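Novice: Residue numbers (numbering that gives the first Met the number 0), protein chains in the order written: chain A, 0 to 157; chain B, 0 to 336.
It is worth saying that the hints were derived from the structure and are not from the lab.
Please note: incorrect hints may appear among the correct ones.
[What the hints assert, rightly or not] Here are the simulated SDA-like pairs of lysine to any residue, each with C-alpha atoms no more than 20 Å apart in a straight line: (1) B:Lys137 / A:Tyr57; (2) B:Lys137 / A:Gln66; (3) A:Lys38 / A:Leu3; (4) B:Lys137 / A:Trp119; (5) B:Lys137 / A:Leu3; (6) B:Lys137 / A:Leu52; (7) B:Lys137 / A:Tyr84; (8) A:Lys38 / A:Ala22; (9) A:Lys38 / A:Leu52; (10) B:Lys137 / A:Arg117; (11) A:Lys38 / A:Val83; (12) B:Lys137 / A:Lys38; (13) B:Lys137 / A:His116; (14) B:Lys137 / A:Thr62; (15) B:Lys137 / B:Ala244.
These numbers come from a predicted model, not from an experiment.
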Amino acid sequence: MYRLHRLLQPNAGYRRLATWLEARRWRNRLFTIVEEHVKDDMFGCRMCGQCVLPVTGYACPMTCPKQLRNGPCGGVGQDGSCEVYPATRCVWLVAYERAENAGNGRDLLRLQRPIDHRRWGQSSWINYWQGRDESLCTEDDGLARTASISPAGLQRPG
Amino acid sequence: MIQLDNPGPAGAALRGTKPVPGRFQSALASGAFTVTAEVGPPRGADAEVIRRKVQPLRDWVAAVNVTDNQSAVVRLASWAGSLLTLAIGVAPIMQLTCRDRNRIALQSELLSAAAMGIPNILIMTGDHPRFGDHADAKPVFDLDSVQLLWAARTMRDDGRLLSGRVLDPPPTWFLGAVENPFAPPVNFRAARLGKKVAAGAQFVQTQYVFDVPAFERFMAQARDLGLPGRCHILAGVGPIMSARALSHLQHAVPGVHVPDEVARRLLSVPAERTADAGVALCAETIARLRQLPGVAGVHVMAVGNEQRIPEILQLAGLSPAPPDSPCAGLGGSSDTP
């Protein structure tokens, strides 16, 4: 997955493609439907439109019943089960194991900012290629220097 | 009588000590082993219940947590309980969960708490409604606990809302978080606390500690991350008062781990003595936790048995501070550990 992700990294070509897709409603819609099907099959994607899979070990945090973006809640069972749906495994436990196994454990230390609920249903691939996802989370664990929760928002006039 | 307009000085006048609002924070800053306790607001329109539960704890604890519809069961609001607590001269820690409110309501609640003089806020994700008395309710979880801590710190330190709008004047609370050292993935738990510290947590209260060696491993990881220097860590404790309570904790409360040896010890005494054994075990746990480097104090959760908290603390070797001492209400100790 990590290798596949490198193939999708934004570049001028993807940006042009994203702009072309967004230019017509039907093209955008069709592309979004394809994305939805692919990501639903692979990750149980909920189409929040602001995908963090690359930094959550490719386990989708929006499948957590509390939609936690910053790690597991305190109710994970001793057997690793979700407290709300005991038949399923905690998605954050899956994220932790996958990220650790791939040597990307530090990804989970990044602080994930609150999501924009206007973006539900949008294509996160288009948003990603257009650079709209760049401030979804901090670069590191935020312990060394204070990170701003809303880099864009805080610059707005009061 | 409730004095809402100027609760800080009112509290100080009652106790003859420093104003209530800063008491918890200064207790932790002083390095004294600090005790907090949990009080659940009533299900019913009766303010007296809070007063009855908080009053006996006054000399024993630095602050009292007032829960926010704990276990997703409807009760009196935590802000109301916090104001009642403040009015009898005890510093409240207002719990605030992400379960029932979106970011507009959460920030409004935080602002209101500051305006009413509630000095301490404990931010948590909250139990899922599925466990409560309204299992059919809509779970909100617009923000998670890290994001809400981050938003609260931004409100206080940058004087801004999430929208970027300016707060004038900004609020001034002491911000806390929770962590469960025993839930999988256990090796991520200290790091998760690190995220909360990075987001703004100045103190943390943990889930019940029944397994002290496992808690020591968590503390070692927290020390490696340098967390005790940046955030006061209070270990959660509580007495198991009956075989039924034990079974409930083992099977019905998410995220609580009771080791087999603890269960065996409680079940090995006759049923009428289980409560005393639970109290003794809790006191022993406190005494052991007190020896651990980096542990700033304990948070006693004795839901429904708040009246036994002074006894537990006394058995653990702690003593109440005399009312006129500057350390009054710090849960300070007369002897050295």
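Novice: A separate judgement is required for each hint: does it hold in the structure or not?
Specialist: Going through the hints against the structure:
no.: 1; hint: B:Lys137 / A:Tyr57; verdict: violated (27 Å)
no.: 2; hint: B:Lys137 / A:Gln66; verdict: holds (13 Å)
no.: 3; hint: A:Lys38 / A:Leu3; verdict: holds (13 Å)
no.: 4; hint: B:Lys137 / A:Trp119; verdict: holds (18 Å)
no.: 5; hint: B:Lys137 / A:Leu3; verdict: violated (37 Å)
no.: 6; hint: B:Lys137 / A:Leu52; verdict: violated (26 Å)
no.: 7; hint: B:Lys137 / A:Tyr84; verdict: holds (16 Å)
no.: 8; hint: A:Lys38 / A:Ala22; verdict: violated (23 Å)
no.: 9; hint: A:Lys38 / A:Leu52; verdict: holds (10 Å)
no.: 10; hint: B:Lys137 / A:Arg117; verdict: holds (19 Å)
no.: 11; hint: A:Lys38 / A:Val83; verdict: violated (23 Å)
no.: 12; hint: B:Lys137 / A:Lys38; verdict: violated (26 Å)
no.: 13; hint: B:Lys137 / A:His116; verdict: holds (16 Å)
no.: 14; hint: B:Lys137 / A:Thr62; verdict: holds (16 Å)
no.: 15; hint: B:Lys137 / B:Ala244; verdict: violated (29 Å)
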